[in-house]
Structures are given as structure tokens and as C-alpha cells.
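Protein chains in written order, with the UniProt record's numbering: chain L, 1 to 383; chain F, 1 to 383; chain W, 1 to 383; chain Y, 1 to 383.
No lab work stands behind these hints: they were computed from the structure. Treat each hint with caution, since some may be false.
Computed list of lysine-lysine pairs in DSSO-like fashion (alpha-carbon distance at most 30 angstroms, straight line) [what the hints assert, rightly or not]: (1) W/Lys279 with L/Lys174; (2) L/Lys279 with W/Lys213; (3) L/Lys174 with L/Lys213; (4) F/Lys279 with Y/Lys174; (5) F/Lys213 with F/Lys174; (6) W/Lys174 with W/Lys213; (7) Y/Lys279 with W/Lys279; (8) L/Lys279 with W/Lys174.
Owing to the predicted nature of the structure, the values given are computational and were not obtained by experimental measurement.
There are 4 protein chains.
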Amino acid sequence: MVGHAFMGAAHSQAWRTAPRFFDLPMQVAMRVVCGRDAARTEQAAERLGWDEAETDWRRLLERDDVDLVDICTPGDSHAEIAIAALRAGKHVLCEKPLANTVAEAEEMTAAAEAAAEHGVRAMVGFTYRRVPAIALARRLVQQGRIGEIRHVRAQYLQDWIADPEAPMSWRLDKTLAGSGALGDIGAHVIDLTQFITGESVTEVSGQLETFVKERPIAAGETSGSLGGGGATEERGQVTVDDAAVFLAHLSGGALGVYEATRFATGRKNAIRIEVNGSKGSLAFDFEDMNVLEFFDATEPVEVQGFRRILVTEPEHPYVAAWWPAGHGLGYEHGFTHQVVDLVTALAAGGQPEPSFADGLQVQRVLAAVERSSETRSWQPVAQ
Amino acid sequence: MVGHAFMGAAHSQAWRTAPRFFDLPMQVAMRVVCGRDAARTEQAAERLGWDEAETDWRRLLERDDVDLVDICTPGDSHAEIAIAALRAGKHVLCEKPLANTVAEAEEMTAAAEAAAEHGVRAMVGFTYRRVPAIALARRLVQQGRIGEIRHVRAQYLQDWIADPEAPMSWRLDKTLAGSGALGDIGAHVIDLTQFITGESVTEVSGQLETFVKERPIAAGETSGSLGGGGATEERGQVTVDDAAVFLAHLSGGALGVYEATRFATGRKNAIRIEVNGSKGSLAFDFEDMNVLEFFDATEPVEVQGFRRILVTEPEHPYVAAWWPAGHGLGYEHGFTHQVVDLVTALAAGGQPEPSFADGLQVQRVLAAVERSSETRSWQPVAQ
Amino acid sequence: MVGHAFMGAAHSQAWRTAPRFFDLPMQVAMRVVCGRDAARTEQAAERLGWDEAETDWRRLLERDDVDLVDICTPGDSHAEIAIAALRAGKHVLCEKPLANTVAEAEEMTAAAEAAAEHGVRAMVGFTYRRVPAIALARRLVQQGRIGEIRHVRAQYLQDWIADPEAPMSWRLDKTLAGSGALGDIGAHVIDLTQFITGESVTEVSGQLETFVKERPIAAGETSGSLGGGGATEERGQVTVDDAAVFLAHLSGGALGVYEATRFATGRKNAIRIEVNGSKGSLAFDFEDMNVLEFFDATEPVEVQGFRRILVTEPEHPYVAAWWPAGHGLGYEHGFTHQVVDLVTALAAGGQPEPSFADGLQVQRVLAAVERSSETRSWQPVAQ
Amino acid sequence: MVGHAFMGAAHSQAWRTAPRFFDLPMQVAMRVVCGRDAARTEQAAERLGWDEAETDWRRLLERDDVDLVDICTPGDSHAEIAIAALRAGKHVLCEKPLANTVAEAEEMTAAAEAAAEHGVRAMVGFTYRRVPAIALARRLVQQGRIGEIRHVRAQYLQDWIADPEAPMSWRLDKTLAGSGALGDIGAHVIDLTQFITGESVTEVSGQLETFVKERPIAAGETSGSLGGGGATEERGQVTVDDAAVFLAHLSGGALGVYEATRFATGRKNAIRIEVNGSKGSLAFDFEDMNVLEFFDATEPVEVQGFRRILVTEPEHPYVAAWWPAGHGLGYEHGFTHQVVDLVTALAAGGQPEPSFADGLQVQRVLAAVERSSETRSWQPVAQ
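Model the full structure from these sequences, guided by the hints.
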């Protein structure tokens, strides 16, 4: 595994936990974690449960006891590591977004397709797909219970920089982060709505907005090394979007409305998705993540209503491996399910989903939104 | 109509409104309102839309143009007025509780049964039965969609005297009010659960509680004439229950848990009823009164869930007469529906429900709870 | 009053009820209702409580006993009637949308401004402003509790034509209805968000969509006289929008996302508004209309949360005149509050709100959305 | 660890996970798991992450490398194992309920007190205390924000045997399980309400109910060896309670209403607790476990409301160790928190909570409810 911050911790927990609850078709061993700083990586190895620590990711590719490289670094290094790993014959699990640019994502996808010919597989980590309620939503669409889809409304609402005096961070610097709310959280709802509906976004009209253009730089930091600490009077430029909104057409004729923001005061991690079809509707909110709401318009009117399905029954996706009915899962369970799906696909010699091609397609939607915001016009999503 | 306070206003609005939205089988004329104080009754007549005002209710019984007497006075005068009216050949609508004692309620029921032989009808006003969501709940039980009922849990939660310095009022004096939370609001949930389930409470084990035993008497009042106004240092004795809780057996084998309180801080008028049966469950909360929740256990497990039925479709009870789908009703609509049901029954020569016998049965449950609290034992409900 | 269909019934109930619950500074008399068909108008007069019936609205303007004309007709006749009434010295209450075109709305506004110089007043009927929870939302913004507003998300979701075999209706014919979901229900959320925030929409980028372009014509109807009845094989063209979505900039810098649709399966009359500011947030859903959610970001983090304010306390707007705490209001109460506000403003000699100028501004937003959808570009709202 | 079924899996996950996310003051090593069947225990050791397997729990007490014994067996063996372990100088974590009888629980408590003199500690596993929302509830009570407590209403609702044809299981046989819903799930809400309020139940009046008295015995089972499998025509006697309800007085004067049932159709694991006090109220539902509702009656009436606190902020109990704000936790996190609290107390040489004495007190409440149901009268809780 390369990277051992927030995502590294989540992935490590998943690798540790998956074999404890699921019957995996292959054995998993957590060989080596890689980071830049030797001491901190050693600590991380111990804390997160890896056998060894390493400071150069290239050395991982030379090891025979490494079959898969799990990339949890910031987006700007994804392409280089992933392509090298695939060429070295290692399977790759790469955190989202696939890359910081469409060009990089295209190269990665080409590399993945070349590797696939040799049975080497690449997967991108949109873990929210593995929340049981989301997986159930997709299943209901596939069963035809929603009918022809007319509306998709999707929001990813956070509020961690709603305060104008919240300090600068590398996430607010375009040269480091690539994008703001759009790529960080908007990417998730794009992927989720496409996953649930089985349709893809084909055209968008969007607007990026930066509400607070200057922020205090924390004491002890310079504008070139942003991070935590007390506030000073120096201020840095915010060069990414605080919020992104866009209208969309989907391939099956649905009309989409999307919103991703870090300024929705009071909403902490609210991923809200609603789908309206000719036969029914679905609604999901990550703030109540074990629930899927489903409206069945084919029932007698008298008893129609959005039903609150508590997605904690053994009959529901992924749930049987865990606890008895009604015992809810949390955020990190999606990562464990991701490991299960990945290992299962690899053991079967198949393509794990979502593929790099899927990640590339999301990247193209993000790029179209950015172009649309600049040109103030509708923009097609490249094929 | 006798009485023109809170209930008088609600009943007047119902008499005025019913013929505007429903096709009543008889014409309604609002002849005369009766109160103790001539001037205030005159004002009320004008405000509430009655042709005339009167200060002696006996005179109403002598009038040929009065066919029905609507009793909205406090409980201690219900028996006298209702019995006289029925003997005078007037139909009677009497607010709940039917009376302050079981003995009075029995006399009233006897008078109602005697009058019925001459086609003169009596009805008691449990208006919450006429909330569309409640009427739908009963319908679903009758259709067998809940199956055999195992649990009834019912709460009527208010908080208007949760503050220990809230002043004395006649409602807190047993000699005037007869009872506290038990009779005032507990009576409603007893009636509602019996109405919905079609079962009756047969045995109870309860506890009455008075949390605050002394309260300030408002300035300008003496302990013999309680009412509003600023607080003084004089304090009066609270002689009724602040809260009543009881366990119950119902005639069909269900186990009931009931609670009525004026001390549920933050709950303003929360009538909550939940019924669990072998085939399904129902849940209702008056704080969201246009909704009935329904769980259907006969569906595939994968899509089971409490559905939130918005009871605002033309297919739902009473709703077709009002607005388009989704346009909710409010508190007072139940009173209008009561007028509709009453007038419809009278025109058809039938017995409007709930009858005085139904009101008497609720009274007997209340009495059993009081006996149980005193004797600290289970008490049967008299037949 | 001119017109006696759905809106006529709602307005009549309001005129009848307002003086029963509120202390109006002027007496209200319901003189005459006007409709095209003499017999049906007679019936309506009796049913709705008007003294007389009339078939030519011009005759109302000649009567000395008519001080105010309440226009409840379809939008295509608003301009003619309102302008004539104002010129005849009658106050005017005109249902929304003010008119079918901006040009008409401009004429009406000019007429209203001319009339105002003589103390004759005009008001447009955006009644949802008078839902207590909405009025409270505005109050909290005005008190500064939300801070600088960053996000407005507003949806008006219905589903009455989600079924492709739902029959044609005059509302789906552009020559008669002027507009579809956009003008009918989108207008409401535009007005509400501007009312609550005190900001106005300045620029939009939108998309209108007609999902079902042909619908069956009910038996007994020709394509020239659309209405109810059984389905035939003849099909009519739907010439208005089924759904409208748009992005918006507001005058204070907020980013808006709006959606109005008749295809949101399972949503009956869901007016949902969420406002995020630097100090707090607000959320409202008409399907739970007695509740306003409020998040206060100035509190200690530990106890922050969206609070569900049950807007049924005497301290809340309009509520003191009705029932005790916790007894919810329904859809039509907004109309009664509209009468109260109108009569109060007239008695004080002031301008009732919203004025025709306010209605015109909403009309201009609607027109900008239509232009944007045609040109596929951002469009400014005319000043 | 002794036992490796449902609870064993949950405890193992906790022991594995706690050191990964929390800075524990002592190192944790998972030495040996103990079960009856050698082969299955070997499998469990590998699956759950224990170094070794063992079939005789006595051998654990002889090992120097075992400092703590974690007891996850059924209740009938708790006393023997716990007492022996404590005498052998091993710390003990014992699953709830502490024992099947009060007598056993008393012996265990005496053993725990004796051991404590030598610094050997015993703790009972009421893990729901460690759900962050519950811990926050207790904190708010301790801060005085709820004031004097008047009402406690607590329900633990499940539905796994609501179907009368659900087969017999050892859990429905009193000789094996000791108790039904009362001890299995009622114990949890008794502990939680006492934990949150800081008060203890002093007197109860309750009713146990067995709705379905005979159930099919699964094929391949005899009435002496109950378990899963297909249904036969043989039927077994259900000898425990399906549901338990009781009224209670708490030591601070609050009135309690408790309900525990396996027949609440549609409720899967609904632990619902509501507390009303003179200054505020709290409400919790495990079906939405990351939320605590809090009503603050000291605020201005205009903005009072139950606030939905999303208990996922770093400021909330236990949360800082996990994910960013808004990323919810699941059922098993409580077990991890239990390990953290236990290890922290042991390292500090203090008494971990809840102690065996706390477990005994809950046991005494259960016994009082059973006595009350038999005698149909109020029963004091033994001191």
C-alpha cells in the first residue's frame, strides 16, 4: 500500500477485516506500506498492521511477494505509480479520483487495458458503491422496479470550510489538489448516480464558485507549505472551487441536478441521491446510511408511500457476513466490501468494478463541468 | 351549541365549514349559542357565526328550530344537559370525556338508549378518530393487513405545565376538572387504540403521578377562583395527576402500554400510536398528522420497510372533499369530519359513532386506571 | 371574486374564516362571485358562501358595494380584469402567476402603480409565504441568524402526470396554460426563496424538459376542448414543460439550484427549500408543513444539530389566533393569513405584499429560464 | 476469550481494532480462544485472529501470558468461569447479562470485590453505553442540561419471532436461556436508562407475555437439542417471555415505562430511549444510531425544537479516533470503545465501568419484574 493517511487507514482496516467476516477465495497478506518519511511510515506500519515499511514505492514493484498495489496517495501521483505497477504485473487498486487530469486518466486506462490482456487488473476506489443501501438501490433499478428514469438529484454536502476564517490547506490550492469540491466529493455522486441508474452523464451545464477567496495561513506555515496551526495575519489565495453545481442529461433521457459543496452549514457528509422513475422512486442520505427509501408506484394508491428500508437484513447486499438484523454498519464497511469484491474478482480472473475506464469516464464528466463553468454553456462529456 | 371556548370555537368552525366542502344530506343552520355571560355570549355568537345568543341552556330545549344540541362545556355539566336534551327529543353531540364520573356516564348512556327508541341520537366527540391517517389505520386493520395484534403502544405527550412555576388553573383542581392528564388526554389514546384495533381494554395496571404538588396562584385570583394573571406568592394545591401511565390487556390478546402526560418537555401535542401485528405494523404521530406509517410483513424481506403514507390522496378517508393530493389538512378538519359523519348518520336514521356507550366504556377504563393506581394492583375494566 | 374552481374555493374559505379567528380592522362581506356559466356560478355562490352570482366580471366594477376584486381565473385573463378593476378604483387580489407573459405583467404593474397614487392597492397571491414555518424562516434571516447566504436549493416536486397514459388537460397546452411546471409551481419556489432570503435571482441557466410529448385525449373531448373522461386512441400534443431545472445567482452572492417537476414519482406537493449561510441553515418541506428546521452554527459544536421547530406556538407567526400549541395547521390556512395581511394593509392605507411589482419580478425570472433553455446559455433577469 | 459465536466475533473485532485507532496505554495481545469443540475452535482462532485455541477454559487460568479473560459464553456458565478467573488473579470482562440468577450475580460481585483488593478487576459488557450518542446523552444530563428528570420511556423492539411458525431455539427454552426478551434485551434498556440518567430503578410493576406457546421443532432436532433446520410436525414448548413491559419508579423521582419484545413487527433492533426533564429532553433510536435528539427548553420559545445532533464530530465521545465529521459508526464500534475504556482503566489501576455490582443491580431489576408479573403487584428492587 502506498500512502498511509486518512485513506490509508481506511484501506488498512479493510484489508485487516475482510478475511475475518467474509470467506475470501484467496488469502490476503499485508506485506508492506510505503510512505515518504521513514520514521512516520514505520509507525504507520505498526499502527495499521503492515509487516514492513518502505519509502520508495518503486521497490514494491520489484518484490515477488507483492501481488497488488493499493494506491492511497494524493491524485497527482496516481498515474505514475499505477502505470508502473501495472507494467510490473501487479494488480492495482487506486483511490479516486483516478487522476488530476483527463490526460493522465486516459494513460492509466490504456495501461490497465494493456495489463488486462495478461490478466493483470486495475480498479478504482469508489467505495460508496459498496454501502448496502446503494447496492440495493442499483439492484432495484436492475429489477425494473423504478421503470424509466426521469429525474436524478444528487447532492454531496459538507461544511468544513463554511467559516471564512478556517485556515488555508493544500486542499484549497489548485496546484496541489487539482480541484475543490467538484473532484473531491462531486466525483462520488457522479459515480453513484451512474452506478445506480446504469446510465451515464452525457452533457452538463455547470457553475463553480469560490465564496471565500482568501484565507488565513496557519502560523508556522508559509504560503508554500500549507497546513495546520494557529492563524497569522498572512493570507493565502484559495484557487479551487468551494462549491460546484450542474445540470445534466443522462444517456437514458433522465434530467440530472448535481451539487457538491463544502459550504452547506450543518451538513457534515450528506450524500443525498434521489431517483424518480415511471414505476417508482429511490432516496438515500448518507447521514442515515443504513436506510434506503423506496416508493413503489405500482401498488394501490391507498397504501403507497416511501418505505424506509432498513438495509440490515441478511437478504441485503453484503449484510449476511456481519451482524444480526437491525445492527447497522458504518462508514468503513464500504472499504471492507471493496476488498471482498476485488479479491473475489481477481480469484475468478475477471475485471473488478469500477474499472479505470469507469474512473476515466467520471473524470471526463468533471472536465466537462469545468469547461462549462468557464464557457458558461452546455458541454458534452467526451466519449 | 352550549359553551363557546376552545371547543366551542372548533365546533363552530366545523358547522360552518362542513356544508362548504361536503355534500351533506341535510341542511345545517347555526341557530343559537349558549353561555353564562350574556355580553360574552353575544360576542361569541357574532364571532363564531351563530344567529342568536342565549344564557340558559334549558331554553334551547324548548325551541322547535333546534334539532340538535352540541355540548362544549366542561365535563361536570355534560350529564345534566345531555340527559335533558335527549328527553326533550333533541339529538346530542357531547364533547369528551362523556362525564366526570362513571355513574354520570351510565345515566347518560341509559338516556341515550331510551332516546334512540324514538330515533333521537347521541354521539360523543372523539374527533381524532376523524383524522384521515387514523381512519386509514382502522381500515387497514379491518382489511386484515395487520393480522393478529400483539402490541399497542400509545402516548399522548404535552408539556404545558412542565415548568414548576406555571400557575394554577382550574384544570389542576380535581373538584373542577375531575381528572388531570388521564381524563383530558389519556381518554383520547384509549379511544383511538380501541377504534383502530377493534379491541377493547379489559384490564389495567397503572400509576398516576403529580410531580409538582403546589403552584403559584396568579395575581387577582383566589384559591377559589383560579385563572390567568401574574404570579403571587400564594400557592395552590394541584389535586389532579400530571401524568398517567398504565399497562393493559386488550380483548384480542394484545399487550398495551399507555402514557399520558403534561410533562414531556418539547412534546406539544404528540399523540403517538403504534400497533404491531402478525402481518404488519402501523405507526402514527399527531405532530406529523397527515402521515401514517405502515409496515407490510408479507412482502419480500428485501423491500420491507415502514412506508410513510402521505394520507392526502382522494382515495384516503375524507380527503376527496378537500384539496389536490399532497395538500395537508390541520387539526380542526377532524371536527368538520365529525359534523359530516354525524349529519350523515342522522339523515340515514342510524346511530352515529362513537355512541354514549362507547364514551362510557372509555370512562370505565379511566376509572380502572385510577383504582389500579390507588390499590397498586391490576384492575378489570367493568363491563 | 372572479372564478370559483380550486383557487376560488380556497379563497372563499379564507374570506369566510379570517374574521372568525382574527381581529380584522375592517369588516369583510362576501358580496358576489362571478363565473361564465350562470347555473354553475349560482351553485358556487351558495356552496362557497357568496351573496350573489354574476356572469360578467365587468358588472362587478360598476357596483358600489364592491371594494375589492379577487381574481381566481386562469392566467390569460388576469391582465384584463386586474387593470380594469384598478382603473375602476377597486383593490385587487390576483392569483399567481401574475400573468402569462412579462408584457402583460408589466402593464399590470404600471396600472397598480398608477392606482396606488389614489390609494387603490394591488396584491398578488403567493400564499405559501403565509405558512407559519416560512414566515419564521424569513424572520430568522432578518434577525441575522443565518448570516451571509451561500446556498439556496429549492424544489417543487409533484407526480400527477408521471404516468405516460395520464390524459391530456388544458394545463398541458401552451396556448391555454402559458407554461407547465415552471410557471405553475416553479414560480412558487422562486418567490419563496426570494422572500425568505431577501435576495433576488439575477441570472439563470436552465433546462425545460417534456418527457411525454403525446398523451391520450379523454373520450368525449376533442383536441380543442380538453378535459376529463375515459381514454380514446386519439392523442394530443403536450406543448408545455413537464419539468424545469435551473441554476441561479442571487443578488447577495448565493448560488441557487431550482427544480420544478410533475414527474417526481411519490412526491405529491413537496416544496423543499434549504438555505445555507455563514451562521446557520434552514430547511423546509411542505409535506411536513408545520415544521421548520434550523441549524445554528454559533452554538458549541457538541450540541449543534438541525432542530425541528414545531411552528405551532403562540410566539410563531400567525399561530396565536388558532389553536393551542402543537395543533397543526393545514394547506388552506395560508389563504386565511393572506386575507388577514391584505385587509390589515388596506386598513392602514399601506401597500400589501407581495405587490404586482414583486409578481412581475418572478415573471421575469420565469422568462429568463425559458430564454436560457432555448439558447442553452446563462440569461440575466431583466430589471 | 471463552466463546466464539456472535459475541465472540464482536469482541474479537474489538480487540483487533482498538489498538489500530486508539492510543492504548497498554499493549494488547490476543493469546488464546477457548471453545468446546476442538476443530471449530481452531477454525475460530484463525478466523477471529487468536494465536491459539483451547477447549478447557480452566487451562487459560493457569497461563502466565493471560492477564484477562473475556467471557462470551451463554449466561449459565458466567458465574463459574468469572469467579474462577478472578480468584486466579485474571481480570475479567463478562458479557451481559451478568448471570442467569440473582444469586449467581451476587456471588460474582462478591468475588469481584474480593479480587479488587488485589488490583484484579471485573467488568460487565453493556456495550451500548459506548455508542457515542448514548455517551453524549449521559454527558448532557451530567451537565445539568436536562434538569430534574420526570419521564423515562425505553423500548427495545425486535421482531425475529413474530412469525408463529418461526422454529424453536434454545433461546426460547427457560432451562437453557434463563429468560426471554426481558433478560436478553430488556437488560440493555434498563442499564442504558440508569447510565444516562444517573438514577436507578427502585420499584416496578410488570407483565411478561408469551404470545406463541408452541413452536415447530426444526427437522433433525429433538426437543432436547434445539437448533436450525427444516420444520417438522413436532412442536416444542416456549417457556420464556416473548415480551416484557413494566412501569417503574426511579431513584430521583422519574416515572419510567419500559418495553422489550421480539414481536414488534418491522422493528429490527430499535432501542429507543426518551428522557424528559425540567430543562430539556433527549431522544435516541438505535435504528439511527449516530444521532441524538436534544430539546433545550431554556432557549427562546420561537426557536425551540428537538435538534438532531449528528454525533460524528471530533468533539463527541470516542469519535475523534475515527473518521472525519459526518462519517457514521456502526454497531461493533461500541465493542471497540469497550476495550478502550477497559484497558484505560486497567492501566490506571482503577475500576472499569460498569462493574459487576452494576450488573448485579440490573439483575435485581429483572428479578423484580419477574416477581411483579407473577404476583401482579408492584415489587421493590432489592438493594
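Violated constraints from the hint list, given by number and in increasing order: none
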